[in-house]
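*Asks:* Each chain, letter by letter, is given below.
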Amino acid sequence: MADKIFIKGNEAVARGALAAGCKCFFGYPITPQNDIPEFMSKAIVDAGGEFVQAESEVAAANMLLGAGATGVRSMTSSSSPGISLKQEAISYMAGSGIPAVVVNMNRGGPGLGDIGPAQGDYYQSTRGGGHGDYRLLVYAPATGQEAYDLTIKAFDMAFKYRNPVMILGDAILGQMKEPIVPWQPELPGDEEGAEWRLQGTGGREKRLIKSLFLEEGALAGQNQYLQAKYEKMQGEIEYEAFETDDADLIVCAYGSIGRIAKSAVRKLRKAGHKVGLFRPITLYPFPAAPLLEMAKAGKRFLTVEHNLGQMVDDVRLSIRTVADSDFFAIYPGNLPTPDEFEEPILKSLEGK
Amino acid sequence: MTDMNEKLVFERPESVVDRATHYCPGCHHGVAHRLVGELLDEMNLREKALLIGSIGCSVFLYNYLDVDAVEAPHGRAPAVATGAKRARNDCFVFTYQGDGDLASIGMAEIMHAANRGERIAVVFVNNTVYGMTGGQMAPTTLVGQKTTTCPGGRCRDKEGMPIKMTEIISQLGGVAFAARGSLDSVKNIRTAKKYLRKAFECQTNNLGFGFVELLSACPTNWKMTPVKANERIGEEMIPYFPLGVYKDVTEEGGAC
Ligand SMILES: Cc1ncc(C[n+]2csc(CCOP(=O)(O)OP(=O)(O)O)c2C)c(N)n1
Ligand code: SF4
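Residue numbers (the numbering used here), protein chains in the order written: chain A, 1 to 352; chain B, 1 to 256.
Hints may be right or wrong, so weigh each one.
What the hints assert, rightly or not - Away from chain B, derived, C-beta distances all over 12 Å, residues of chain A:
no.	residue
1	Ala-69
2	Gly-116
3	Thr-143
4	Pro-182
5	Gln-184
6	Gly-202
7	Gly-203
8	Gly-217
9	Gln-227
10	Asp-245
11	Leu-335
Unchecked claim - Taking lysine-lysine pairs in the DSS-like style, the calculated list, with each CA pair at most 25 Å apart, reads:
no.	chain 1	residue 1	chain 2	residue 2
12	A	Lys-23	A	Lys-210
13	A	Lys-206	B	Lys-48
14	A	Lys-274	A	Lys-4
15	B	Lys-223	A	Lys-210
16	A	Lys-23	B	Lys-146
Claimed, not checked - Covered stretches of chain A, as calculated for chain B (at least 3 residues, CB under 8 Å):
no.	segment
17	28 to 42
18	193 to 201
19	206 to 212
20	231 to 240
21	288 to 301
Since the hints were derived computationally from the structure, they do not count as laboratory data.
Model, not experiment: these values are computed from the prediction.
For each residue, glycine too, the CB sits at the ideal point set by N, CA and C.
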């Protein structure tokens, strides 16, 4: 099983889902994520599961809601405009405790934008995206291997928290081919979700999965329960800290941009500059505590994003009591090289 | 002394919970619920049934039926049902939707679920109005009918003609059974139940999509007494929405 395979990030996500025991996939075409439904249309059926090309992203997300409510591991994937359409169902799933995995291969926006890489959906992904007070656990893989690994984890987390979990990638991750080592996790047995899933009463008390709470105080109670759940998710934070120990400047970047920033940091290190990289892997919950520790140790910060400044808000919120962060924007749709990061990094390092 | 042995002729179906409903007097949702409950009992489906609730006055149906249930966003019940049925093929999956839900916001979902031949049953309650939100115009509102958003009466030139869903659905490939019944008289209620049974059988016999439209009264938003509202179904609705079976693959002699 430890053989390397050479595949696109999109396929890594799909294969990760299959390894995680995903049994239902609901999709709709949109670039740059088409490889996922295309791959699934055969692979998941071969594995004894179900594939539906829905009539719209709205329908795909609601199919996910239906399958998730029966306690079957299920997934949908899309890209930015399609993810906007899925938000209604995502809010309902969060509101009624339905586990599911939603993949967003972020493209450039707003509107139709373009099909190139971008990170403009950070706010939408980490602030709920749909209506009401809710959060998703959001993973931002930077490599094909991470895409595979985190997709597997996403299913476990979705069921652990009875909540939708998002994999947030972009066109770079989705379209780039690289070697990964697939592995087979131990799968949960048929008892997963047995205490809440719907499959006909079979003689037990009936069950109801809903997000409507009209009785006096009931919605407040539900929101309290959800908030407590999001608090617990704080225990799931993941990040990569690269050369941060003795760094004077920490570059904060995630996903594909985090990976490119790492190359820039590595190069600048070789040239003797004391820079490091902080790459959040969970975007929600945001790894605020380790970042604050770095701020307390007196480091400076530069956030680099493939958007006009979104994650920088979370960086600033994390370190606000002791420090601030500079910001460098890479405009959506362009594919940056590590060299483009050097000048802003050096400027920040010098406090300019 | 005459023999006073009483014979019980009418009981609450086991699938229907023993509690008062929230419906207005003369509303037909309760009748439709009862028919569904009777069939779940008679067809032995209760323990494997999965109800996909929808948005509208019937949103609390899950409190009245003794079955597993999930709530769908407005109009999306056929997509939610698709996911549930694909995930658990052994369940009996059905949706229960109003006309605003099914023929307006959920038009795409119903058409495509029907066309794919999803093995689900759809109970479609057509009362020509948006009940829950206070009587606005629905896609099924009759020409000339006054609602809060067509106060001068629905105008064919501005608002179009009322949509005939059963006629449309029956044209789609995956549909095994499509019929329109009415809940305004005992005779029509009996026929409506037969239609529902057929639609349910399409799923249990793996034939395809089952669809039943039920013409129903909304006395509150029609601003009529229950009796007058009931009469309106026969006088105004049935002439525009003719009752009957529009598609039945078992009679046509084969699956779709
Ligand atoms: C996305 C969305 N839009 C609008 C509403 C508001 N809404 C609630 S019920 C309803 C109308 C339902 O009418 P119908 O389906 O005819 O059912 P009835 O109440 O007549 O039984 C609407 C528009 C909603 N809940 N969600
Ligand atoms: S408003 Fe109309 S549809 Fe709703 S409960 Fe009352 S009568 Fe029934």
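*Asks:* Could you tell me which of the hints above the structure violates, numbers in ascending order?
*Replies:* 1, 6, 7, 14, 15, 16, 17, 20, 21
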